[in-house]
Structures are given as structure tokens and as C-alpha cells.
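Given next are the chains, with one letter for each unit.
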Amino acid sequence: NAGVTQTPKFRVLKTGQSMTLLCAQDMNHEYMYWYRQDPGMGLRLIHYSVGEGTTAKGEVPDGYNVSRLKKQNFLLGLESAAPSQTSVYFCASSYPTGVPHGYTFGSGTRLTVV
Amino acid sequence: AQKITQTQPGMFVQEKEAVTLDCTYDTSDPSYGLFWYKQPSSGEMIFLIYQGSYDQQNATEGRYSLNFQKARKSANLVISASQLGDSAMYFCAMGNSWGKLQFGAGTQVVVTP
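Listed in order, the protein sequences are those of chains A and B.
Take the first sequence: its letters are residues 4 to 117, numbered as in the numbering used here.
Take the second sequence: its letters are residues 3 to 115, numbered as in the numbering used here.
Since the hints were derived computationally from the structure, they do not count as laboratory data.
Glycine residues also receive a C-beta, built at the ideal position from the N, C-alpha and C atoms.
One should not assume that every hint holds.
DMTMM-like, lysine to aspartate or glutamate: derived pairs with alpha carbons at most 20 Å apart [unchecked claim]:
| hint | chain 1 | residue 1 | chain 2 | residue 2 |
| --- | --- | --- | --- | --- |
| 1 | B | LYS102 | A | GLU55 |
| 2 | A | LYS73 | A | GLU33 |
| 3 | B | LYS5 | A | GLU62 |
| 4 | A | LYS12 | B | GLU46 |
| 5 | B | LYS18 | B | ASP88 |
| 6 | B | LYS102 | A | GLU62 |
Output of the computed footprint for chain B on chain A, the stretches with three or more beta carbons under 8 Å from beta carbons of chain B [unchecked claim]:
| hint | segment |
| --- | --- |
| 7 | 38 to 52 |
| 8 | 85 to 97 |
Pair ranges (Cβ atoms, derived) [as the list claims (entries may be wrong)]:
| hint | chain 1 | residue 1 | chain 2 | residue 2 | range |
| --- | --- | --- | --- | --- | --- |
| 9 | B | GLY12 | A | GLY105 | 26 to 32 Å |
| 10 | B | SER76 | A | PRO11 | 38 to 44 Å |
| 11 | A | THR10 | B | SER43 | 21 to 27 Å |
| 12 | B | GLU17 | A | LYS17 | 43 to 49 Å |
Use the sequences and the hints to build the structure in full.
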């Protein structure tokens, strides 16, 4: 009954370091998403995937890469972290029945880049 | 392009009163869905209510109802009989037929005794 699991929950990076955030879902959802949340701006879509092996850019993709090698996993990579990437990152998944009715969110990853 | 607008950055409401949170949207897609999420201080995103663009009746879920006015492109959330536990950030969001979910900036609600 896990739903969407994000790891890690917290991380502090130095400028220029790289890291990968992992999102795993056990609901057999086709669609997966990565969002970032900054104060006063709501959630903004970074990248998303409509199925295994596919990825697409969202509103704010610069500085991030993603991969969806397995249906249940969606990875978000930061190749060279910058302080502007300090944010809370949320992963979500949904099932594609026309306009998806249900999006399930992970609990978030709080990333600080110093 | 889609756009979601929440014009109320913050609101105070007294316990047991009703509160309406405003949301307007813009899209050229004929098929879309409107969502409201609650984010308490603990940070998780909690789904509250959904309205499809072709739904004839306004959605209701317990104390939550969505006042959907398609011609005006508005999807306001009404919380009846506010409780202290309703204090949170509330986000309006719109999903399109490609599956992308776009959020408004949110409204912070504080319920006072």
C-alpha cells in the first residue's frame, strides 16, 4: 500500500555536485511527473513521462534530466547543482483515462544547495 | 497554453464559517479536469475534489464543494463549517488530456477559533 515513494526525503548538496532523486510507484500508473515547489509559486512541472522509455519537458526543465527505464520508476537528475535548485521536489503518478482523474503524490524531497 | 490563477494569497476564516477560495483558469482544450489539493504544514499534497469539464453537476465531497462555472472559467472551492484542521495551503490545479497537471500559486487559509 505504498503508493508513490520518494527517496531521499532530505538532502544538502554543495554547488556543482550531482545527485539523483528516485520516485517509485506500485500502482501500475502509466504517467509520472516531477514537480518543484518554491514559496509563493505553487508546484511547477519539471519533466514528465507518459510511459516506460518516454520523457518530456515541462515548464522548468533546465538543469534537470530524467529517465524512465522501468514503468514503476522515474528518476530526476541534477548534473551540476545550483543554489537556484533549492526547493521541495514532488513526484506524482496518474492513470491515463482521457483526462486523468487521480494523481498520487509522494511526500516530497527537500533539497538545499549551498 | 494553460493558466491557473488564484488571486487570494491568504485568508482568515472563523471556525464553523464557510469559506470560498477562488480559482480561474484558461485553456483551449475542450477536455480537462479541475482539482483542489490541500497542503498542511507537514507538506504532503492531499487530494480534495475533482471536476471534469463535461460534468453537468458541481462536485461535492463531504464539506468540500466545487462551484464550477464553465462559461466564466472558474472553479471555486467552498469549504463549509470550517474546522481548525482546515488551516493549510490550498491549490487549484488543472489537468489536460495529455495528463499534465498545472497548479495555481495557492491560497493560505488560517482558521481561527
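Agreement of B/LYS102 and A/GLU62 with the hint, judged by alpha carbon distance not exceeding 20 Å: holds, 10 Å
So the hint says 43 to 49 Å: do the beta-carbon atoms of B/GLU17 and A/LYS17 match that? Distance hint for B/GLU17, A/LYS17 holds at roughly 46 Å.
Honestly, do A/THR10 and B/SER43 meet the 21 to 27 Å range at C-beta? holds, 22 Å
Do the Cβ positions of B/SER76 and A/PRO11 conform to the proposed distance bound of 38 to 44 Å? holds, 39 Å
Annotated coverage of the segment 85 to 97 of chain A by chain B, confirmed only when three residues or more have a Cβ within 8 Å: Contact hint for the segment 85 to 97 of chain A vs chain B: holds, 4 residues under 8 Å.
Hinted pair A/LYS12 and B/GLU46, Cα distance within 20 Å: holds, 12 Å
Given the hint that A/LYS73 pairs with A/GLU33, test it: the Cα-Cα distance must not exceed 20 Å. Roughly 11 Å between the alpha carbons, so the hint for A/LYS73 and A/GLU33 holds.
Has the segment 38 to 52 of chain A got at least three residues whose CB is nearer than 8 Å to a CB belonging to chain B? Per the Cβ count (8), the hint holds.
Does A/GLU62 lie within 20 Å of B/LYS5 when you go C-alpha to C-alpha? holds, 12 Å
Would the pair B/LYS102 and A/GLU55 pass a check requiring their Cα atoms to be no farther apart than 20 Å? holds, 16 Å
C-beta pair B/GLY12, A/GLY105: status relative to the range 26 to 32 Å that was hinted: holds, 28 Å
Hinted pair B/LYS18 and B/ASP88, Cα distance within 20 Å: holds, 11 Å
This entry satisfies every hint, going by the numbered hints stated previously.
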